[in-house]
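Given chain A, put chain B in place with the hints provided.
Protein chains in written order, with our numbering: chain A, 12 to 462; chain B, 46 to 297.
Note that these hints are calculated values from the structure, not bench results. Hints are not guaranteed to be accurate.
Said to hold, decoys possible - Partial pick of chain B residues on the chain A-facing surface, computed with a CB cut under 10 Å:
hint: 1; residue: His133
hint: 2; residue: Ala135
hint: 3; residue: Thr179
hint: 4; residue: Trp249
hint: 5; residue: His256
hint: 6; residue: Leu289
hint: 7; residue: Leu290
All C-beta atoms in this analysis are idealised placements derived from N, C-alpha and C, irrespective of residue type, glycine included.
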Amino acid sequence: MRRLALCLLLAAGCDTGYGGFLDTIPVVDQHPEQPVQVFLAIDGLSRAAFDKARADGAFPDYSAADLMTFFPGVSDYSWMRILRAGQTPGFEIQYYDPRRNTLVNPGIPGVIEHPLKQGVADPLPCYRRFDFLGDGDLWTVQGYTDPEGALPSTLDAMFNVLAARGRSQSHFLGYLMNVDVISHHGGFARAAAMLVEIDRRIREFQGRHPGRFTFTLIADHGNAHQVAELVDPRQLLREVGVTPVEALGDPAALEAIPIVHVRVNFVSVHTAPGQRAEVAARASRHRWVDLTAAPLEGATEGRRFAVFRQGERYAFQQRSDGTLLVEDAAAWAILGVKLPVDADGSVRLTEQQAFAATVNGPYPDLFHLVASAFTNPTVLFPADVILSLRDDVASFGFHLPGTDDSLAVDGFHGALSRASSLSVVASQTRSLPPAVRADDLGDLFPALAPP
Amino acid sequence: MRITCSWLTLMGSAALVAPAAVRAADATVTAQAPAPVDGEAGAVNGLYPLWEQTGILHRPGAFQIGYNHAQVGLGRLQLGTEPILDLHGALNLQAKVALWRGDRLNLALVLGVYHLPTAAESRTVGNLYPTGFTNYEPVWLIPISLAKSVRLGERLALHWASTLLLSTSNAPDHRYAAGGQTLLLDLAATPQWHVRLHGGAEGWPVETVAHAGLSFGYVGRYLYASLGAGRRFPLDGEPANQVLLDGGLLFP
Chain A
12 MRRLALCLLL
22 AAGCDTGYGG
32 FLDTIPVVDQ
42 HPEQPVQVFL
52 AIDGLSRAAF
62 DKARADGAFP
72 DYSAADLMTF
82 FPGVSDYSWM
92 RILRAGQTPG
102 FEIQYYDPRR
112 NTLVNPGIPG
122 VIEHPLKQGV
132 ADPLPCYRRF
142 DFLGDGDLWT
152 VQGYTDPEGA
162 LPSTLDAMFN
172 VLAARGRSQS
182 HFLGYLMNVD
192 VISHHGGFAR
202 AAAMLVEIDR
212 RIREFQGRHP
222 GRFTFTLIAD
232 HGNAHQVAEL
242 VDPRQLLREV
252 GVTPVEALGD
262 PAALEAIPIV
272 HVRVNFVSVH
282 TAPGQRAEVA
292 ARASRHRWVD
302 LTAAPLEGAT
312 EGRRFAVFRQ
322 GERYAFQQRS
332 DGTLLVEDAA
342 AWAILGVKLP
352 VDADGSVRLT
362 EQQAFAATVN
372 GPYPDLFHLV
382 ASAFTNPTVL
392 FPADVILSLR
402 DDVASFGFHL
412 PGTDDSLAVD
422 GFHGALSRAS
432 SLSVVASQTR
442 SLPPAVRADD
452 LGDLFPALAP
462 P
Chain B
46 MRITCSWLTL
56 MGSAALVAPA
66 AVRAADATVT
76 AQAPAPVDGE
86 AGAVNGLYPL
96 WEQTGILHRP
106 GAFQIGYNHA
116 QVGLGRLQLG
126 TEPILDLHGA
136 LNLQAKVALW
146 RGDRLNLALV
156 LGVYHLPTAA
166 ESRTVGNLYP
176 TGFTNYEPVW
186 LIPISLAKSV
196 RLGERLALHW
206 ASTLLLSTSN
216 APDHRYAAGG
226 QTLLLDLAAT
236 PQWHVRLHGG
246 AEGWPVETVA
256 HAGLSFGYVG
266 RYLYASLGAG
276 RRFPLDGEPA
286 NQVLLDGGLL
296 FP
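Just chain A, same shape as in the assembly (with noise of 0.2 Å):
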């Protein structure tokens, strides 16, 4: 915390007189006729907010497409992973080191620190790749105070460094993470109506400088919009008959570490490898619980993952060539995923066959999301087993001292439901198909994901 304050200190002195000397040298209009990309990454937003934004009379030139985000879909990892900026650690700030068999980051400190650390003096590199992350050093302070508050001054600063960026750069990467402040903090209708008025800025900004900038916007999750139950992940495992810990010891007992950091709807597990499958299927069974997902054992070829509802296993096989062998094919119709099947009870898909299998489903691109989940190397410690709750309860993550849990209760994100992981990717700038996955917008966009 010492050397985090330091930072900090650091931060507010050094890049205020440093940043203003740069803000005065002049600029030269490199290309002025050439129309400058924007690329405006919303953190938190939601297919569903898009759309009653678009309702409003919002974003009515953006070519739209569903955006399938990652499992679990949180900030960091996601915008590592979208932006192709390196490796995280954990899914979050607060991770299991297997090497050390320990927890790192863990309590309220771990919390503290993730606006701080990462919002403010030691950004991951996937918020340093951004052009404009936030506006000053008390950003994430008055963002998640004052989100609709903190609006306007974060746009005024947002366009000041885009009008001249655009000077110089032919594509602009900016940040806005207010929208998904308001979604936990104060529902649906105040995100649609903050991406109503993100529009109108949009537009102002269009019109003073007209024909010059044409804007992107692309998230990390969605979020369920739903007032959720606050829950102990701890409990979970405990009425569940695993045993909660924070180091594992004999690989033959039924323990696991549960990650509980931030408020989420899913929830990371690690656990002996011989044991994820145990623990997957007993944590699926929990009224809290959704689905689990974790890595097999038994793979003929590739890897082998499954998902569990109530204790009931769907297990697929993904070869190193991509292709999928789903085991038992039908039984998928039970999570909305419905399959030819062959003589042997089990199909086989390509890579876009089982996107297009799952894409309108309850539990978009699932395949993609469970597999990846575990073999994404954006994470250096995957979970062992990753518990995807229900749209109405998220794991409390942390109790503010003197505050009761009332506060950010207004929707989550993180599991695999519909509601939880799917966004959109909209754009003035071309036109788009259908859905696409996040892990496929640095191709779509190769100015978000340079070699």
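Only chain B this time, still in chain A's reference frame:
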């Protein structure tokens, strides 16, 4: 952020070594210079970066070490650097030469050299003060200012700087000459406490920006501090706020 070897060290050493020798060698100059005025050290520098200058120099042998400026007075010459920029790797040096010293009017020529390393905008601690400036090649900035300071009364002084900024680099887009004019009106409530109005237009014809600001300052015998807010109005861009900040120690 990379901490680099800064000119601060050199300036500090020069200041420690220089006073006696300079006083002796420059006795005629100091004899002709006006008597030091309380609080005058606060008028040696402007607050708006790069463009705002004054015609006042530190007295011979006097020096200051602060956030924005580390300077030493060497008679008609003053040498200095901007430590906060050095700390970010933007090494820089300024020289100020007194052209005229009178009771009411002071004229000075200010020459600066700044070296901005590649991607200077990324050399920050966090990512919360994004700027419009980016560079894919190192850039040299050479501002040349004629600074005029006029004492308009017991409490009021006007500082007017006319600046030619030369920018050079391997990148063609960073090769240009731009001009600017700034005004700084200094109203002293007491010799120590000041309020200052800042205004000007700069960057013409490359990127013309007007600015206005208000700051408050304290100048003691050994301590000075200034804090204010400005607003920038780019002709082709979007307005933005600017923090006006300085502070440090004086060694009279």
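Query - Ascending list of hint numbers which this structure does not respect - result: Violated: none.
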